[in-house]
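*Asks:* Each chain, letter by letter, is given below.
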Amino acid sequence: MSCNTCETQAIASLCDDIRTLRPLVHCITNYVTVNDCANILLAAGAAPVMADDRAEAAEIASIAQALVINIGTLNERTIESMKLAARAAAKKNIPILLDPVGAGASALRTKTALSLVEEFRFAVIRGNRSEIAVLLGGQGGTRGVDATGQATEADGETAARLAEKTGAVVAVTGAVDYISDGAKILSVSNGHPMMAQITGSGCMLSALLGAWLASGRAAARDAGRAEITGSDLHAAAGGIAAIGLAGEAAARAAGAAGTGSFRVALIDAVSRLDGRTLGEGMRLDAR
Amino acid sequence: MSCNTCETQAIASLCDDIRTLRPLVHCITNYVTVNDCANILLAAGAAPVMADDRAEAAEIASIAQALVINIGTLNERTIESMKLAARAAAKKNIPILLDPVGAGASALRTKTALSLVEEFRFAVIRGNRSEIAVLLGGQGGTRGVDATGQATEADGETAARLAEKTGAVVAVTGAVDYISDGAKILSVSNGHPMMAQITGSGCMLSALLGAWLASGRAAARDAGRAEITGSDLHAAAGGIAAIGLAGEAAARAAGAAGTGSFRVALIDAVSRLDGRTLGEGMRLDAR
Amino acid sequence: MSCNTCETQAIASLCDDIRTLRPLVHCITNYVTVNDCANILLAAGAAPVMADDRAEAAEIASIAQALVINIGTLNERTIESMKLAARAAAKKNIPILLDPVGAGASALRTKTALSLVEEFRFAVIRGNRSEIAVLLGGQGGTRGVDATGQATEADGETAARLAEKTGAVVAVTGAVDYISDGAKILSVSNGHPMMAQITGSGCMLSALLGAWLASGRAAARDAGRAEITGSDLHAAAGGIAAIGLAGEAAARAAGAAGTGSFRVALIDAVSRLDGRTLGEGMRLDAR
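Protein chains in written order, with this note's numbering: chain F, 1382 to 1668; chain V, 1382 to 1668; chain G, 1382 to 1668.
The shape of chain F in the complex, shown without the other chains (with noise of 0.2 Å):
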């Protein structure tokens, strides 16, 4: 079964939701592409705060609409402030999503992103695959942070799986982008190589996540659009979709300029998209 278009048209629109709905989205993330998350962030119409001392973790998740984890620099000061802050998501039953940057690196990531899943249900859990295959209890073969080797259908069931164990949608992002909830496996072909010659594009993608995932909760709270976009899978795989067109769209217009256009033009894309380009430029398929 392929998406049809109306399924499409319906995920496509939370893009427009973002900007009416403005959803302040916490993030606790490495200092390397911290600027870049708050800028795709605004980009897209969400309004970013970044916050990681441990005196104030909690109480700023707690006023966020989604709270996004990622461990690309963690230290001892900020993991503790992780557990704070998605504590305080969770008895408020904000989203949270987990970037387990670098998983399979060291003992201290591999440890930190197992405990991480181990205390909390995260609605989404995104990684290229050896990150989320160190989350399974595998090896990964991670060299730091970068994914290794080419994407295949397997990587949709490394995403079931962990998404079986855990609770939480899961998301293997890579050349193809596998999403699934345990039950269904989604797919998106968006993207450009380019995005892999930047920093910073799945740290983008997991913040733009926070957003959308933010506005996919919105709407199941709405009637109507909500059986089909209120789910944290279909939020899920709109804007892994839209950063894929928004990296397309900078490929065409800053590409051949070089790799330091390119992620401005990212940024660029991501701040014109709309639910109507995104719906008829987004790639995704089921089965």
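Think of the hints as simulated: they come from the structure by calculation, not from any bench. Predicted model only: the values in this text are computed from it and were never measured. Honestly, I wouldn't trust all of these hints.
Which copy is meant is left open, because identical chains are indistinguishable; a pair holds if it fits in one copy or across any two.
[To be verified] With a straight-line cut-off of 27 Å between C-alpha atoms, the simulated BS3-like cross-links for lysine-lysine are:
#, residue 1, residue 2
1, K1546, K1472
2, K1472, K1492
3, K1492, K1473
4, K1464, K1565
5, K1492, K1464
6, K1546, K1464
7, K1546, K1565
8, K1492, K1546
Position chains V and G relative to chain F; hints supplied.
*Replies:* The following block gives chains V and G in isolation, referenced to the frame of chain F:
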């Protein structure tokens, strides 16, 4: 009374003075926009230095021409450094600016901002309406780091009241910016709405004001121009107009492309700005 | 003696080797320019990993092909991580680069840089004249992080003396860059003044040199080219010329627009650079 052409040009000339003076501006700021802050200072002709460890904060502050304290991603460690740096700067009469990012959004931010204002005499306090209201003892309603509501003349009163209370020049920035030393209220109506669609507009302004303060203080030590421009009030107004005018230029140059290009063009515009252009474009009023 | 065409091309070819080898470069660096460092490494074809917690610094360093230590925003916590990482790298003979940002500007920076140089044998130490002078026991006169004065041949002598003292290849970079292993002194006269008008030119160079060192060491393990390019001295000179040539291209492409565009174009130029272009444009001299 409206600032006359002569005054405006005198203030605007501080813009050129920065390039001659090349003031060293010590920023203890957040890791979200710190790169933008460094680049905007370099674009303006100043020299940034970012140093936040308690073991060196005082030493670095004491060799700077201005200190900028931004609590955007404050933590236990950096709060102590902010105080050590401020003490060192105060001892040497180096102007200090406070950007109380997100005051009102968490008890930690509110408490820290209030305690800084309590302990130190700032040359300038710059924030959005919510943040400044919190420093006055109000509620603010800050939702993280973004301002709410339309700019009104009431913002000028707010600025004046906090200025009276603290002895600082206070700037409430928004669609229209109000700056007061408690006696006079100036308003600046330069700027562009796209500035709110990128992260760091406020932080960059605060960093830039560090350079303007240094430049204004240097002018005050000189004869002649001192009576007009040698005040922190005028330096603050000039710096606010400068980034606003740069925002207008950036919107013309790159606004249609999107927010990523706008951000690049904003730094471009600051790097090309001179006193004559600023004097012609500055929309400064006094009442 | 001037490096002949054959030598130049051999060095320049390391530029292409980086794209084949894709070395993992572990950076413990400052939060001001860390994003630029990651992007320049990706632009060059390398893979960056930023990790600074003491619980994982050694483990990450030991899987990398180069370690870059930049003390730009050092603190108690990261200084310890730098040492743990350096110990792990040294044990596995992984080349380590030191960028002693701001040595001389505070006792903490001077003491940390000196103690790193005391304890570890660096493959490359790269800094501006002031920073390198401080490591030699001089005063330096560093004003934070910017170099002072014009480049002269005396910089070559300074580089040679620190090289002799430490066993590292030492690069004193400025308008003309001098690189020495204690025996030979090379100079590179690529580059553009706009590089000093953005933050991170030096940091990006240091990060990039991590990739060049890895590439040079790999070439040294191969036959044939090893005698010319298989030295850290030549790798350092090649990397310095590479970013200089990219700076020239960036100035032509975007210099007139301003410093924001220049910065984007600099990363663009690195992402498009190949060995042939570098070999043709490299201005390398030996004496």
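*Asks:* Hint by hint, note whether the structure agrees.
*Replies:* Quick rundown of the hints versus the structure:
no., hint, result
1, K1546 with K1472, "within (21 Å within a copy, 40 Å between copies)"
2, K1472 with K1492, "both (24 Å within a copy, 25 Å between copies)"
3, K1492 with K1473, "both (26 Å within a copy, 25 Å between copies)"
4, K1464 with K1565, "neither (29 Å within a copy, 48 Å between copies)"
5, K1492 with K1464, "both (13 Å within a copy, 23 Å between copies)"
6, K1546 with K1464, "within (20 Å within a copy, 39 Å between copies)"
7, K1546 with K1565, "within (14 Å within a copy, 61 Å between copies)"
8, K1492 with K1546, "within (17 Å within a copy, 42 Å between copies)"
Hint compliance for this structure: hint 4 is the single one not met.
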